[in-house]
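Here the protein sequences come in this chain order: E and B. 73 is the number that our numbering gives to position 73 of the first sequence; each next residue is one higher, with no gaps. 1159 is the number that our numbering gives to position 159 of the second sequence; each next residue is one higher, with no gaps.
No lab work stands behind these hints: they were computed from the structure. For glycine and all other residues, C-beta sits at the position ideal for the given N, C-alpha and C. Accuracy of the hints is not assured; some may be wrong.
As the list claims (entries may be wrong) - Derived pair list, reagent style DMTMM-like, types lysine to aspartate or glutamate, alpha-carbon separation capped at 20 Å:
1. E:Lys227 / B:Glu1095
2. E:Lys276 / E:Glu242
3. E:Lys173 / E:Glu242
4. E:Lys173 / E:Glu129
5. E:Lys227 / E:Asp212
6. E:Lys159 / B:Glu1095
7. E:Lys227 / B:Asp1129
8. E:Lys159 / B:Glu1067
9. E:Lys227 / B:Glu1041
10. E:Lys95 / E:Asp207
11. E:Lys159 / E:Glu144
12. E:Lys263 / E:Asp185
As the list claims (entries may be wrong) - Cβ-Cβ distance ranges computed for the label pairs, FRET-style:
13. E:Glu69 / B:Asp1025: 30 to 36 Å
14. E:Val154 / B:His1053: 35 to 41 Å
15. E:Asp175 / B:Ser1151: 35 to 41 Å
16. E:Asp175 / B:Ser1039: 23 to 29 Å
17. E:Glu144 / B:Leu1186: 51 to 57 Å
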Amino acid sequence: MPGAAEDPELEQLEIELLLEAVYRRYGFDFREYAQASLKRRLWRRAYAEGLTTLTDLQARLLHDPRCMERLLLDLSINVTSMFRDPSFYVAFREKVVPTLHTYPFTRIWCAGCSTGEEVYSLAIMLAEEGLYDRTRIYATDINENVLATARAGVFPLAKMQQYTQNYIRGGGKHDFSRYYVAAYDAAQFSRSLLDNIVFAQHNLAMDRAFNDFNAILCRNVMIYFDKALQNRVHGLFYESLEMFGVLALGHKESLSFSPFAAKYEILDEPERIYRKTA
Amino acid sequence: MYEVIVIGTSWGGLDAVSRLLDGLDDAVRQPIVVVQHRSAESEDGALAHLLSHHTRRSVRDAEDKTELEPYHVYLGPPDYHVLVEDGHIALSTDEPVQYARPSIDVLFESAADEYGERAIGIVLTGANDDGARGLAKIKDCGGVAIVQEPSSSERRAMPDAAIAATVADAILPLEEIPNFLYGVCL
């Protein structure tokens, strides 16, 4: 799909100019996103718009805010599923939940929550562990539109078979279907799961800390950032975690490249669950 | 001088990659990145463990931002795309490309973008046409395109598609690919 550009240096220049234009016109800063995936996503948007160069895409972005909305959607959708990596939820139940039980009240941040699959998974798990009533989940994303999708809590019915399997393997304690109502081709998740979730727009690349948390989940979000931005976000997380707060990353992300590695201990190595200790 | 070797395969790939690594001379030092199609539920590290019996090279599932090192083999982890950029691994969870995640095309296209004429792409046995576009891009950018000879492949669809998509530099039975790489890389 990508790579219509004949000249790699010209393509690089076009990308830099486009990102600069987006930043100056709309305030969204993608200049420190990891290049290879970003390039694929920009070309996908260009082709979807019927355009053949990134310079043409830049022109349309500048003149048509709706095109910017479409690009923002491309850049903020994280293709995930409920209870993705079931073993993570097993580990969280075993190694994090007991500590959370010792707190009178718990605040958890789902950073880069996209369309909400992980937020609902977390809410279900906490409800089953008897923690949900004294937890507040802050679910944030750069994009208001995906937050609206997350808030609606409607997912394709066709996915429920896979999600049910994930749920069971993730230590689920009930019949998964108790959490949603099927209607035509959609599954509407129980509104009670939303009681203690706050959805808010937050841009990891630009915005500051906004609260103190007992746990932060940011799984497979920072893979889209370059190393410099990753390190800044790690600083933001460190600042936002209470002492002994927990940080959970994706299976193939590592804290070891970050300057903050020494400030954490490993709670679960394969599941990439860390605890702030300094 | 070539800087990276990327390999893509699906059906029959475990055996094919094992034999390729078995036969590969230690003098070939380039980092090797492999996409073997596998299900999202595959166990982490299982494929790396199996392959490590066939080579002294370090074999492991690719992690985000890992530096590409000589004499190492990196495998696309289940349920992620694996790309190369700026001397390191980059992962993504973008949607599957033609039902595949990891996708061979995604890896190969990133290798072509990043390394151009310094990339070597190899398409081995497989039952679909993933890798054909990516190999063509590597070739277009001046890199080397190698395809397993279809009639000797466990499944020939993937080599056939790659041969149709580009003018390969070599179409070889599996056991001759290590020697060809030795000649190209040294």
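Going through the hints against the structure:
no.: 1; hint: E:Lys227 / B:Glu1095; result: 23 Å, violated
no.: 2; hint: E:Lys276 / E:Glu242; result: 8 Å, holds
no.: 3; hint: E:Lys173 / E:Glu242; result: 30 Å, violated
no.: 4; hint: E:Lys173 / E:Glu129; result: 9 Å, holds
no.: 5; hint: E:Lys227 / E:Asp212; result: 24 Å, violated
no.: 6; hint: E:Lys159 / B:Glu1095; result: 15 Å, holds
no.: 7; hint: E:Lys227 / B:Asp1129; result: 34 Å, violated
no.: 8; hint: E:Lys159 / B:Glu1067; result: 36 Å, violated
no.: 9; hint: E:Lys227 / B:Glu1041; result: 29 Å, violated
no.: 10; hint: E:Lys95 / E:Asp207; result: 30 Å, violated
no.: 11; hint: E:Lys159 / E:Glu144; result: 24 Å, violated
no.: 12; hint: E:Lys263 / E:Asp185; result: 47 Å, violated
no.: 13; hint: E:Glu69 / B:Asp1025: 30 to 36 Å; result: 53 Å, violated
no.: 14; hint: E:Val154 / B:His1053: 35 to 41 Å; result: 47 Å, violated
no.: 15; hint: E:Asp175 / B:Ser1151: 35 to 41 Å; result: 52 Å, violated
no.: 16; hint: E:Asp175 / B:Ser1039: 23 to 29 Å; result: 25 Å, holds
no.: 17; hint: E:Glu144 / B:Leu1186: 51 to 57 Å; result: 56 Å, holds
Figure legend: structure checked against the earlier numbered hints; hints not met, in rising order: 1, 3, 5, 7, 8, 9, 10, 11, 12, 13, 14, 15.
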